[in-house]
Amino acid sequence: MNSDSKGLTAWLTTQEPTSATHAAFQNVWHVWCRFASNPLGIAGLAIILVLVFVAIFVPWLAPYSPFEQNLRETLLAPNAQHLFGTDELGRDILSRILWGSRITLSIVLIVSVIVAPIGLIVGCLAGYFGGWLDTILMRVTELFLSFPSLILALAFVAALGPSLNNAIIAIALTQWPPIARLARAESLSLRGRDHISAVRLMGASSLRIVLGHIAPLCIPSVIVRITLNMAGIILTAAGLGFLGLGAQPPSPEWGAMVSTGRRFMLDSWWVGTMPGLSILVVSLAFNLVGDALRDALDPRQE
Amino acid sequence: MVNQVETVTRTPRRRSGLRKYRRFGGSLLSVLTTLFLLVLLTFVIGRLMPVDPVIAVVGPDADRATYLKVKQELGLDLPVLQQFWIFFKNLLHGDFGTTLLTGRPVMEDIARVLPATVELATVTIILGAGIGIPLGVYAAVNRGRFADHAVRLIALLGHSTPIFWIGMVGLMLFYAKLGWVGGSGRIDLFYEDIVPNVTGFLLVDALLAWDMDVFWSAVSHIILPASVLAYASIAYISRITRSFMLEQLSQEYVITARAKGVPRNGVIWHHAFKNIRVQLVTVVALSYGGMLEGAVLIETVFGWPGFGQYLTNALVIGDMNVVVACTLIIGCVFIALNVISDLLYKFFDPRIQ
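Protein chains in written order, with numbering that gives the first Met the number 0: chain A, 0 to 301; chain B, 0 to 352.
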């Protein structure tokens, strides 16, 4: 076992990579080593892993049902049976928060999955072709960037009607422009490179060059950018939930739970405090990971 | 001595007037295009509505004739392009339509609520820049040491905290438990409408009337929401200041200054900081606009009768005229701040031609 891992480390650190894939693995390994040397980043990663674990196994982890009401045990302060107390309908707040992790994670995942291809394609097309296509696409991108993301999301949700799905669509609509801008900058620098000229000389069509040769090279930086945006996505989603425009009750969405807690704020602090604290911890974790990842990828800064 | 660096890097002003005007015309054109697209986008948002606006007016039980008549009155039977043209024409006249509930012109309502938000945002930006910039400089100077990590953690926490939640917790703690600050609204009920409304900014009005009781009541109400909002901008401003400052501190002129015996603080504030002032003005201007986002949430929590609360109330009842108008105004404020910070940059920094 030990010699095995030693062999792997040697393979990852050797001076002469044997193939492109080998070199790519080595690259990832170097980034990982720099990332791992940042304790805050590791702490953030640990929190995210716990969150994923909780979201997957919540039916076995949560002590109570997130929806079951118990009107004899309303607004109980945190105690041994209910670690985070109960809300105005006697539901266990801890269980609701645990179930809510699924909503938070799925919002982050779905938004990322929608946003990455849109931003990538818009950015690569604009950067590669340039000219009027670039002008039009970048004007539209700048237009979307000229709003704070929550405001634009609010307007879209107001138009589409309040629901979790519409909130996800609205957040996705506000999140693609920074990615497009990034992908455009990358493809601008890529399009003059020798290997792209070589492919063009061999007769590849423009579309093939963009999709097959430029877009794949932009993917790593797009992924990093999305990681950096994840905390923002969580906060925007929670803000929409808080204003009653995201997930609707009785859904255990954290922002909506804070909004409920506001009504009982003076006598029962735990109803609103606990879900807010979980938003804080999770978005802090994403920020820590994003920050550490940025440092690991760009060692010039530190 | 202090200005040496700037004089050296300054390029001679040799530009033909024509080129200057052409560049100005180009940027004016691009701003106008963005504004037009903004109007188009808000129009589309207004028309996306799954709820039929006619039914919102006449109710679901109205007969076909009434329905068609109202539809005609609202101009919804016209072709979409013509609808857009009317929308655009009304906008140019400053007409955003009327609100669903009261029937008052949206523009009047917004003019009434805007000062409260501007007051909040101004106090916030003073706090945010006043604390964030020194923190950032301090972190850059002590780079890699404990202070740097502490500032980094403060900033990351500021980026991660749900602002509505920290506002609620603050209200619970400092108002309900400790009684240090005022609760909801801009001022205690007792002091309302005592000072004449001159500027719309309560703090200024109270000082103009020299009524210190009113002034302190207003201060006790604004201090908590402004601090909560400021925390987010401190996080942002301190991080940016730090990276600007690091860039300057690694320059050779800093080493030269240190080598010839300029004291540490002199180098930091008179040499390095002087060179980032202009960039900072831009950052502060942009985060002033970003505050509108926080204001929407914070005003809901603190019952602050401003722009954000007005927008939130409209969202809840689905009043699209108000939503469209507010979105449009926020977009315009953002574009304006961008243009202004560009101009400031060009005005203050002779290196940018």
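Honestly, the hints are just simulated from the structure, not real lab data. No experiment lies behind these values; they were computed from the predicted model shown. One or more of the hints may lead you astray.
Some chain A residues near chain B, calculated using beta-carbon distances under 7 Å [stated by the list, open to error]:
#1 Val51
#2 Ile55
#3 Val57
#4 Leu60
#5 Ala61
#6 Pro62
#7 Leu181
#8 Gly275
#9 Asn286
Computed from the model, here is a short list of chain A residues facing chain B with C-beta under 10 Å [what the hints assert, rightly or not]:
#10 Phe128
#11 Ser258
#12 Arg261
Yeah, the Cβ is synthetic: ideal placement off N, Cα and C, and Gly gets one too.
Report the numbers of all earlier hints that the structure fails to satisfy, in ascending order. 1, 2, 3, 4, 5, 6, 7 and 10
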